[in-house]
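2 protein chains.
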Amino acid sequence: MPGAHSAIASVRHKLESALALFIELINTGTELMLGRVCNTHQQWLCRQLADCGYIVTRQVAVADSGRDIEQAVREALAHADLVITTGELGPTSDDLTRDLIAQMLGWTLREDATVLAHVENFFATRKRPMPVRAKVQALVPEGAIVLPNPHGTAPGLAMEVCLNPFRPDGKPSWLVMLPGPARELHPMFVESVLPLLRRVLPLEAGFVCRTLKTTGIGESLAQERIGGPLQRLIDAGLELGYCARPGEVDVRLSAHGVDAERLVREAEAIVRERLGSHIFGSDDDELESVVIRLLTERRQTLAVAESCTGGCIAHRLTNVPGASAVFRAGLVTYSNETKQKFLGVRAETLARPGAVSEATAREMAEGARRVNGTDYALAVTGIAGPTGGTPTKPVGTVFIGLADASGIVVEQNFNPFDRETFKHVTAQQALEMLRRAILGLE
Amino acid sequence: MPGAHSAIASVRHKLESALALFIELINTGTELMLGRVCNTHQQWLCRQLADCGYIVTRQVAVADSGRDIEQAVREALAHADLVITTGELGPTSDDLTRDLIAQMLGWTLREDATVLAHVENFFATRKRPMPVRAKVQALVPEGAIVLPNPHGTAPGLAMEVCLNPFRPDGKPSWLVMLPGPARELHPMFVESVLPLLRRVLPLEAGFVCRTLKTTGIGESLAQERIGGPLQRLIDAGLELGYCARPGEVDVRLSAHGVDAERLVREAEAIVRERLGSHIFGSDDDELESVVIRLLTERRQTLAVAESCTGGCIAHRLTNVPGASAVFRAGLVTYSNETKQKFLGVRAETLARPGAVSEATAREMAEGARRVNGTDYALAVTGIAGPTGGTPTKPVGTVFIGLADASGIVVEQNFNPFDRETFKHVTAQQALEMLRRAILGLE
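Sequences listed follow chains A and B, in order.
So the first sequence is residues 1 to 442, counted in the numbering used here.
So the second sequence is residues 1 to 442, counted in the numbering used here.
Calculated from the structure, these hints are not laboratory results.
Please note that the accuracy of each hint is not assured.
[Stated by the list, open to error] Only pairs whose alpha carbons sit at most 27 Å apart, straight line, appear in this in silico DSSO-like list of lysine-lysine:
1) LYS341(A) with LYS341(B)
2) LYS393(B) with LYS127(A)
3) LYS393(A) with LYS127(B)
4) LYS341(B) with LYS393(B)
5) LYS341(A) with LYS393(A)
[Unchecked claim] The following label-pair restraints were derived from C-beta to C-beta distances:
6) ASP169(A) with ARG74(B): 29 to 39 Å
7) PRO391(B) with GLY257(A): 33 to 43 Å
8) ARG352(A) with GLY344(B): 48 to 58 Å
9) ARG352(A) with LYS127(B): 29 to 39 Å
10) ARG110(B) with ARG265(A): 44 to 54 Å
11) ASP418(A) with GLY373(B): 28 to 38 Å
12) LEU221(B) with ASP284(A): 48 to 58 Å
13) GLU348(A) with GLY344(B): 52 to 62 Å
14) ASP418(A) with LYS127(B): 23 to 33 Å
15) GLU191(B) with GLU358(A): 51 to 61 Å
No residue lacks a Cβ here, since even glycine has one placed at the ideal position from N, Cα and C.
Given the sequences, and given the hints that come with them, work out the whole structure.
Right under this line is the structure:
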């Protein structure tokens, strides 16, 4: 349960119900076993599936080793209705999955003319000679559905394993094999795999899912406010989940069946009423994208002055495409001199009450707004740690200032976390102050 | 194989050898199945283990569901020498692992007086009443090794399953159950689990591992340069692995056995000779931490002017504790006006050749150094995309300027990636330019 806590009783119930599909995801990669990279495919695929009502039952990852891949697929076929593998479909001797699985299931491979033409064309348009070995990517099992790969050479493959030799109940399993690189996997999954699943493994009468994103309210308090009022809908089949990350709690509402649409709509209305302006967005919204959108709609501009967050706020804002229309400048004033020079903070203020103070945050915000001529300016000063704390200003102390036409407000917070979490949570609080100011919320 | 490519033939060989331990990691968390969070425990634990010579064979994750946890543990015990679980050891009805596993293996639970005292003390020192349910955390299986949890209440548990009812070969398995929160898991793993593993599952005659971190050289080229010269050591048992991420390739050298120390030392010397100054650090070094260390050692200072990276460089630098000693200011000049106002870029330069040009990068770097009075200044200007490209300056175009006492150099690069990868790779190239300048490298 890394970095999050969750209480998803009704999802659990669904997972345990005999009617649910057993979906197993198998990722391959030796560097996963060595802990050199994080398995981002797992999260991405699970989220895509869950948002369409397909909830993964088990995630497995093994090395790029024939023995381990084969064993994992065999065990998955013994209990899963749907097995999805990623990786090892390419042309090199490293890329094993297709051959191994074909062998294991006794499939005959045939050369697919369309795939072969695609592979040849891929090299031709890039003016590169086609290695002989690249041709193996055109070999597909008899009867397999070929999933086109516009961003690479190896196609995805999907097959119903009808005579499943591994499953004690004799039921068929669907096996979907996808390429490893994200830029090939992601579009193929959205364009080919999800439509296929809806066709061959349809959910009974629909699925609806809605995630409401909140900040400034803890998971327990959110639960306290909405758990009771939602109980009637939960009893009727609504699935309610929470996911808490630093500075953020997601509320996930979903339902299966003919009533799904109504259940989720009624639940959303209740949650919106109970959590009110703590809800900053839905589904894929991030606080920074919401703020950029609000500013863009209003043709308003923003500058940021950062000390302890060290550029984190500017970095997050500029991750949003189109930020340049409203974000004018970020001033990372990491020293007293730069706070004076760029923001006009007074030497007396820096001397006493000091660089980490309400007064400095106020002068930073005021200065950032003035020198940049923006509608809004955010400023943060604090102690990120691990050192630099004092008894009166311990590590985690932070002051956040916000200047706009109506004046300057400063908020003091205490975020006693590790350095990177401190920066993220403080940035979150600053962006939320701004969002509330733009919307005229309390 | 998310975000990385790897060719780890010799590690694979080791994984397939009959002598290797079969290690299985089981993480629990419904939000993992929903794709709401990334499984960072997997990477952290695998890396800790691999760096001590214990290479995980299979990673499994399942929901917080009794049925799924039990099935995963049962299947793991059927083939693994070591099974590590995380999560679900706490006091709530959500927390299932200990009870389920005890039941499954027919273990008797006893109340451990030390653990009970620890739990009571935990609440007492926080002046919070102890919930009745918290006492269950003091229940431990007869014969289990209790792993203390100084940062939480639920202890870790380790047991040798001697009469393993699930394993066809009748061999015993070790089962280690750890708490879910990272702040409890990490110290417990380092302080208690690794020493225990070295004692109860010792590797034959040692293990040595060294990761050399490189930038500015692709994986294929690195392979071409070192693969041949290392072959003799590989034949003698050296394990060689690569892990490529945007802007970075790790070379991992490891060996088991009595010769391990010598093999890795000889290999490191060869790699250092062949890859030379492309190696920026080892093991846990990051380019930003290396740069901050070099500047700190030399008592030199740095300012950064960022346009298209939007604060990413400042953010990375200020993630390093102690950065404030050398990092003076970051100026995120996202508009023409701010480039003029804060950096003194000339209006004529911005008009022609334009904001994204060699000349603007040069004036930004020169201005950032002058206004901040630093030894070095970095500046970047480019087109992050997804829009804003032109035929002559397509998305991905970037100019990086570096100013120091000897003058100004500008490098032009082309990084045609998605927006966030563009920012990361460009930041990487800028930090590498600075590293090379500090060290007086070509």
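These are the hints, each one checked on the structure:
1. LYS341(A) with LYS341(B): Holds - the C-alpha atoms of LYS341(B) and LYS341(A) are around 12 Å apart, at most 27 Å.
2. LYS393(B) with LYS127(A): 23 Å, holds
3. LYS393(A) with LYS127(B): 23 Å, holds
4. LYS341(B) with LYS393(B): 25 Å, holds
5. LYS341(A) with LYS393(A): This hinted pair holds, its Cα atoms lying about 25 Å apart.
6. ASP169(A) with ARG74(B): 29 to 39 Å: Taking Cβ atoms as reference, ASP169(A) and ARG74(B) lie about 18 Å apart, which means the hint is violated.
7. PRO391(B) with GLY257(A): 33 to 43 Å: For GLY257(A) against PRO391(B), whose Cβ atoms are near 53 Å apart, the range 33 to 43 Å is violated.
8. ARG352(A) with GLY344(B): 48 to 58 Å: 33 Å, violated
9. ARG352(A) with LYS127(B): 29 to 39 Å: 35 Å, holds
10. ARG110(B) with ARG265(A): 44 to 54 Å: Cβ of ARG110(B) to Cβ of ARG265(A): about 51 Å, so the range 44 to 54 Å holds.
11. ASP418(A) with GLY373(B): 28 to 38 Å: Holds, since ASP418(A) and GLY373(B) (Cβ atoms, about 32 Å apart) stay within the stated range.
12. LEU221(B) with ASP284(A): 48 to 58 Å: At roughly 38 Å between Cβ atoms, ASP284(A) and LEU221(B) fall outside 48 to 58 Å, so the hint is violated.
13. GLU348(A) with GLY344(B): 52 to 62 Å: Check failed, 28 Å falls outside 52 to 62 Å.
14. ASP418(A) with LYS127(B): 23 to 33 Å: 25 Å, holds
15. GLU191(B) with GLU358(A): 51 to 61 Å: Because 40 Å falls outside the window, the suggested range is violated.
Going down the numbered hints, you'll see the structure goes against 6, 7, 8, 12, 13, 15, while the others check out.
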